[in-house]
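Trainee: Here's the letter readout for the chains.
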Amino acid sequence: MRTRKHWLPMALVIAALGIPLLGMPLAAIAGYGDVLNMPVGVTEISKKVYGLHMLIFKICCVIGALVFAVMIYSMVMHRKSKGVTPATFHESTTVEIVWTVVPFVILLLMAWPAAKVLIQMEDFSDSEMTVKVTAYQWRWHYDYIDEGVNYYSQLAADHNVARQKDSGVDLSGFENYIREVDNPLVVPVGKKIRFLHTAADVLHAWWVPALAVKKDSIPGFINENWARIEEPGVYRGKCAELCGRDHGFMPIVVRAVSQEEFDAFIAEQKAAGQTAELDSERQWAKSELLARGEEVYQRNCVSCHQANGKGIPGMFPSIHGSEIATGDIVRHLQTVMDGVEGSPMQAFGSSLSDIDLASVITYQRNDLGNDMGDVMQPYYVKRLRSGTTSVSALDLELNSLTSGISTGVSN
Amino acid sequence: MSYSDTAHHGDDHDHHGPAPGLKRWLYTTNHKDIGTLYLWFSLLMFFIGGAMALIIRAELFQPGIQIVDPMFFNSMTTMHAIVMIFGVVMPAFVGLANWMIPMMLGAPDMALPRLNNWSFWIMPFAFTIMLSTLFMDSGGPAGGWTLYPPLTLQMGDSFAFVIFAIHFMGISSVMGSINIVATIFNMRAPGMTLMKMPLFVWTWLITAYLLIATIPVFAGAVTMLLTDRYFGTSFFSAAGGGDPVMFQHIFWFFGHPEVYILILPAFGIISSIIPTFARKPLFGYDSMVYATASIAFLSFIVWAHHMFTTGMPLAAELFFMFSTMMISVPTGVKVFNWVATMWKGAMTFETPMLFAIGFVIMFTIGGLSGLMLAITPADIQYHGTYFVVAHFHYVLVPGAIYSLIAATYYWIPKWTGNMYDEKLGKIHFWTSTIFVNVLFFPMHFVGLAGMPRRIPDYSLQFADWNMIASIGAFGFGFAQLLFVWVVVKCVRGGAKATDEVWEGAVGLEWTVASPAPYHTFETAPSRQLIDKNHF
Chain H
1 MRTRKHWLPM
11 ALVIAALGIP
21 LLGMPLAAIA
31 GYGDVLNMPV
41 GVTEISKKVY
51 GLHMLIFKIC
61 CVIGALVFAV
71 MIYSMVMHRK
81 SKGVTPATFH
91 ESTTVEIVWT
101 VVPFVILLLM
111 AWPAAKVLIQ
121 MEDFSDSEMT
131 VKVTAYQWRW
141 HYDYIDEGVN
151 YYSQLAADHN
161 VARQKDSGVD
171 LSGFENYIRE
181 VDNPLVVPVG
191 KKIRFLHTAA
201 DVLHAWWVPA
211 LAVKKDSIPG
221 FINENWARIE
231 EPGVYRGKCA
241 ELCGRDHGFM
251 PIVVRAVSQE
261 EFDAFIAEQK
271 AAGQTAELDS
281 ERQWAKSELL
291 ARGEEVYQRN
301 CVSCHQANGK
311 GIPGMFPSIH
321 GSEIATGDIV
331 RHLQTVMDGV
341 EGSPMQAFGS
351 SLSDIDLASV
361 ITYQRNDLGN
371 DMGDVMQPYY
381 VKRLRSGTTS
391 VSALDLELNS
401 LTSGISTGVS
411 N
Chain P
1001 MSYSDTAHHG
1011 DDHDHHGPAP
1021 GLKRWLYTTN
1031 HKDIGTLYLW
1041 FSLLMFFIGG
1051 AMALIIRAEL
1061 FQPGIQIVDP
1071 MFFNSMTTMH
1081 AIVMIFGVVM
1091 PAFVGLANWM
1101 IPMMLGAPDM
1111 ALPRLNNWSF
1121 WIMPFAFTIM
1131 LSTLFMDSGG
1141 PAGGWTLYPP
1151 LTLQMGDSFA
1161 FVIFAIHFMG
1171 ISSVMGSINI
1181 VATIFNMRAP
1191 GMTLMKMPLF
1201 VWTWLITAYL
1211 LIATIPVFAG
1221 AVTMLLTDRY
1231 FGTSFFSAAG
1241 GGDPVMFQHI
1251 FWFFGHPEVY
1261 ILILPAFGII
1271 SSIIPTFARK
1281 PLFGYDSMVY
1291 ATASIAFLSF
1301 IVWAHHMFTT
1311 GMPLAAELFF
1321 MFSTMMISVP
1331 TGVKVFNWVA
1341 TMWKGAMTFE
1351 TPMLFAIGFV
1361 IMFTIGGLSG
1371 LMLAITPADI
1381 QYHGTYFVVA
1391 HFHYVLVPGA
1401 IYSLIAATYY
1411 WIPKWTGNMY
1421 DEKLGKIHFW
1431 TSTIFVNVLF
1441 FPMHFVGLAG
1451 MPRRIPDYSL
1461 QFADWNMIAS
1471 IGAFGFGFAQ
1481 LLFVWVVVKC
1491 VRGGAKATDE
1501 VWEGAVGLEW
1511 TVASPAPYHT
1521 FETAPSRQLI
1531 DKNHF
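As they're listed, the protein sequences go chains H and P.
According to my numbering, the residues represented by the first sequence are 1 to 411, in order.
According to my numbering, the residues represented by the second sequence are 1001 to 1535, in order.
Keep in mind that the hints are not guaranteed to be accurate.
Dumping the calculated DSS-like pairs for lysine-lysine here, alpha-carbon to alpha-carbon at most 27 Å [stated by the list, open to error]:
#1 Lys-47/H <-> Lys-58/H
#2 Lys-82/H <-> Lys-1489/P
#3 Lys-1423/P <-> Lys-1489/P
#4 Lys-116/H <-> Lys-48/H
#5 Lys-1426/P <-> Lys-82/H
#6 Lys-82/H <-> Lys-1196/P
#7 Lys-270/H <-> Lys-192/H
#8 Lys-1196/P <-> Lys-1423/P
#9 Lys-1423/P <-> Lys-1496/P
Label-pair restraints from in silico Cβ distances [said to hold, decoys possible]:
#10 Phe-89/H <-> Met-1195/P: 15 to 23 Å
#11 Glu-288/H <-> Ile-1048/P: 28 to 36 Å
#12 Met-1195/P <-> Trp-112/H: 37 to 45 Å
#13 Ile-97/H <-> Met-1195/P: 15 to 23 Å
Think of the hints as simulated: they come from the structure by calculation, not from any bench.
Glycine included, every Cβ here is placed at the ideal spot set by N, Cα and C.
Starting from the given sequences, assemble the full structure and let the hints guide the process.
Mentor: Structure below.
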């Protein structure tokens, strides 16, 4: 039953400790330096957090090394095969007090700097600008509250194609695979930026490691945190709270630029907003709506309803031949705008523009195996949204426009 | 059962053995039979939960999505946790409690044998319901085992089955706990005072109280989810005046003591094994008892350390940081006591001892990363990443699971009357220990470097470590088949075990024959026997 092999205790120790302790420097030599540890980051807070992390890590290493050293020594020296007789001691109040009090003192020494950093992290005073971050399944909405600019940010389109199951795309060509977005958050360096966090559907968490900011986005509540970025650059992050099917695919990209560049960016965004405003007033051709609708569909609908529009039976309903997409067009619009309560179908009314809504409705009715022939114009969406027309009035107006489609009474 | 009926059986009670066939297991009220049922059940669930883990690791073997849909991936992470926590570790500890506590206390059986039968037989039904959701149209639960709303409320109608199954598991746990408390307080042989009880009994007593205190809280939380989902209440919906974060507070008020429910009995097992193979009494028995009680108390006031990113007031963040750091003091005392028990002993390294030492070392690694996680500003970086996954797997796999394996090797000669195959046991230990580190250690690195948990796909810089972890996962998984082989082999035969089994073993269970007779301690052991057999 008993073994007398002398190498056993040592081998045990090597197996249990060798991989961690030898593995780390070896891996560092092999070039994994940046995939081993927390980034130092580019804010005062992130550097302090890194400092705390390294301090507690070293304390833990010392404690671990001491405990394991005593164990190793004991396993080597106090073996029956060495012919020792076991001691019989089994208590010592002094020793018990020592190893209760000493760790307690170490903890106190550790608690002090940790509390100081925490207090600083929670100090939101004197912030110089505010960005409201609203999380959606599965994208971010950035609202520069003082500047009056806002937009969505989500996984870049080519990454979205590459990450689909069996996409056949060679990932080695993607330097920042699933860490790239269409519209990065652009912020100035040197300013204390306050981020307000909320969510439209489920919990999310906005996390950028280099800024040491992570805060949950909670529907119905507003959380805050802040960062003052010291160096211009591109900083990447991820959603850090499970938020459903595409939780792994809602990256964050923060581009920190000089104040001048930032001002130029804001001006550009404002100009683009005005163009979009004008665009939503004009009559759109069906082909234009279909082309844009496909893009909007790819961005917002495919993860549930799938590329072919057939959904996933039992989980996500089909759009192909569905009662809604082949039924009354105004009800279709309302469903997309208001969502379906108690289901993952969210209300897109707040997140899609008039043009996007009109084009995706048109696309869903005339593609994905549907052939309704009717179109939705952006200005109808706009009128409905602003309350200048009612659902029933719009229903009447649209139904008189489209011929050959039976709508029935839907309201 | 009427009184006369019991009286009728009274005469030949000494001679009657188990009923033949299936009936023995369905109707049994014998603590050893029920213990065996629990242990086989959890072994089966271990492989089901393990298969799910391997699906996860297979998908994460390389970047890109190759094998499963992200929704199914989320189902796997959720179900893996539920199965491993409620289907493996908890029932396995209950199985050990059933087998060992009456024998350790010199009691003939558990205090409430019929309740005992019922609390086991609920489990297979609960898990049949739980696992069946994977085959329903709307799929299994995919919002994480923590069931956070609103995400979990987006689930299809299999949600109701999940809640129902959780209630069943909870009822089983609470009944099992009541039985254990009742047994410990009422069934001890005369002279078996509380402070003479083996630590396994002590840790289970405290665990049972944790379960009785927290399972009903969990039951309340999931019932509120159920009514939010189906009956229009808004406990967790801000739109209706509720608060999604309130669920997290209630959940973790259960969930954090639950973490200790999964580890305290392990402390008891290790405290039995190390003295045996060091041939030296456990160091600091009293302080072990007090440390266990302190951990249990602290476990109720640290729950919000799981929620440092939810936006709590500064005062709360500071309180939960300090209280969490405090837990490392009594936990440290335990580790130091084990090391001091080894110190100047005369150690041998049979398989149970190897797993116990593996436990102490790797549980300590998990405990130290836990101390890191307590530091709130750093936790804000660690939270929701693979660093957390590494941490809790270190305390649960080479922690709780190792203690269960160690316990099996330690007591299986007493259960079967046969010695297990020592050579295979050692091979099992070494393959497990190497692969478990290959599996979980790299997770620290990718977590610190920014890889979130619960994702089916990752950026390219994490590819190498993930591939290594996946190799470790398959190695560790297949090594457990060896464990099954050793157990089956031991049940079927092998060198005959002596009554003492181990040279340095102390405790009443080693005073009965091997295999332990169907009924033990029908007459209480003498005070002399008790005094000779405790630390």
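Trainee: Starting from Lys-82/H, check that the Cα of Lys-1196/P is at most 27 Å away, please.
Mentor: violated (32 Å)
Trainee: The hint says 15 to 23 Å between Phe-89/H and Met-1195/P; measuring C-beta to C-beta, is that right?
Mentor: Since Phe-89/H and Met-1195/P have Cβ atoms about 18 Å apart, the given range 15 to 23 Å holds.
Trainee: Confirm or reject the claim that Ile-97/H and Met-1195/P have a C-beta distance inside 15 to 23 Å.
Mentor: holds (20 Å)
Trainee: For Lys-47/H and Lys-58/H, compute the direct alpha-carbon distance and say whether it is at most 27 Å.
Mentor: Holds, at roughly 16 Å.
Trainee: Taking only the CA atoms, is the gap from Lys-1423/P to Lys-1489/P under or equal to 27 Å?
Mentor: holds (13 Å)
Trainee: Has the given pair, Lys-1423/P with Lys-1496/P, been kept, meaning a C-alpha gap of at most 27 Å?
Mentor: holds (16 Å)
Trainee: Take the C-alpha atoms of Lys-82/H and Lys-1489/P, compute the straight-line distance between them, and say whether it is at most 27 Å.
Mentor: Violated - the C-alpha atoms of Lys-1489/P and Lys-82/H are around 32 Å apart, more than 27 Å.
Trainee: Given the proposed pairing of Lys-1196/P with Lys-1423/P, does the C-alpha separation stay at or below 27 Å?
Mentor: violated (35 Å)
Trainee: Mind checking the alpha carbons of Lys-1426/P and Lys-82/H for me, to see if they're no more than 27 Å apart?
Mentor: Within the cut-off at roughly 21 Å; holds.
Trainee: Could one say that the CB atoms of Glu-288/H and Ile-1048/P fall in the range 28 to 36 Å?
Mentor: violated (53 Å)
Trainee: Can you confirm whether the C-alpha distance between Lys-116/H and Lys-48/H stays at or below 27 Å?
Mentor: holds (10 Å)
Trainee: Mind checking the alpha carbons of Lys-270/H and Lys-192/H for me, to see if they're no more than 27 Å apart?
Mentor: Judged against 27 Å, a Cα distance of about 23 Å means the pair holds.
The earlier numbered hints that this structure contradicts are 2, 6, 8, 11.
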